[in-house]
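Participant: Single-letter residue listing:
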Amino acid sequence: MAEIYDLVIIGGGPAGLTAYLYAARARLKTLLIEKLSPGGQVLVTDFVENYPGFPEGLPGWELMEKFVAHVKKLGFNQRLGEVVGLEVEEKGIKKIKLAGGEEIKARAVIIATGASPNKLGIPGEEKLTGKGVSYCATCDGPFFRDQIVAVVGGGNTAVQEAIFLTKFARKVFLIHRRDQLRAQKILQERAFANPKIEFIWNTVVEEILGEDKVEALRLKNRKTGEESFLRIDGIFIFIGMRPQSEFVKGLLPTDERGFIITDCEMRTEIPGIFAAGDVRAKACRQIITAAGDGATAAYMAEHYLSSGS
Amino acid sequence: MAICHVTDQDFEEKVLKSDIPVLVDFWAAWCGPCRAIAPVIEELAEEYAGKLKVCKMNVDENPITPGKFGIRAIPTLIFFKGGQPVDQITGAVAKSTIESVIKRILD
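Just so you know, the protein sequences line up as chains A and B, in that order. By the working numbering, the letter at position 251 of the first sequence is numbered 251, and the numbering carries on one by one without gaps. By the working numbering, the letter at position 75 of the second sequence is numbered 1075, and the numbering carries on one by one without gaps.
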């Protein structure tokens, strides 16, 4: 008979790795399944400066290396795999289905699959992805040295990455559909003070133009309806996230955008299935809150395993 | 089969003149998603040994080849067959996505 884990954690970002840390310290027989190498979205963050305990800040990959080193101290049982389905069998045993057909069983599951960047869904976007359309400034910024780029969005990520891109680009247009930013004030102050950043307010991108590479954007002002063209070499899109929760569709309740609904102890509607981090319906999506979710989820999973509730 | 590391100098020899199809992973040390995808690339190199050659090119140390193929994002995976680029994937994607392209190319 195939072995049954106490706990399977799906996803190896800050939520999943923290859950693993707590589960391993509780001596639960735990497996973490990640489709890439551990780290999650933090890997695309050039610099993290709001994680407590690191007053000088540090690159995202370096922070995640520390998370991984920490779980390795406890014997990190992980495997590469892409979860495509989750089912509940008799006696509350959870069956996790992997792409390729393999199945893994566990008494408790923590879903920590995170989120991935939203796309604009406009003409030219898909065709020119990797050819000037990007969702990762730290990956692709250096290809735009002394060129002109646009950033779309007004949240923390958009503003932080716009500032980062000024290290390479000679000009950064920040295009936002509203007339003010949503980003934290400290980021706004830096962006407004940066002479390389020019703001284009109340404006949406309607089309990305170019044959083999991005050449221009077709813009529309939402207030006046006026259309214009902006000549650029690259466009970086940071307009929020969509949850990686397709595999629980129909099994667990989600909000209208697909984020998994839990109570404040990370419990989903099904006993023994927890959700933690960005995949969960909540207001604040940060590394620290993901880690907090992971700790709570592991704690509650331990409680569930020992008491059955 | 181990992963081969290619440079601007030996790209033609190792990739374009290869007898079997080649997957080239264009990467750099500062790129988080390149790190994320690395274990997947290693697994593929082992699983398709003998049928598919898997190479990596560091774009920082080798500026000519990435420029030639218009690379403006990493990681980018380009699949070569008979000396020609036949398919391309950008970003850290799941193994199954890469495998579906490999299977098509090896068919």
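Read the hints as simulated data drawn from the structure, not as lab findings. Glycine included, every Cβ here is placed at the ideal spot set by N, Cα and C. One or more hints might be untrue.
From the structure, some residues in chain A lie toward chain B, with a derived Cβ separation under 8 Å [what the hints assert, rightly or not]:
hint	residue
1	129
2	209
3	213
4	234
Participant: Hints broken by the structure, by number, lowest first?
Facilitator: Number 2 only.
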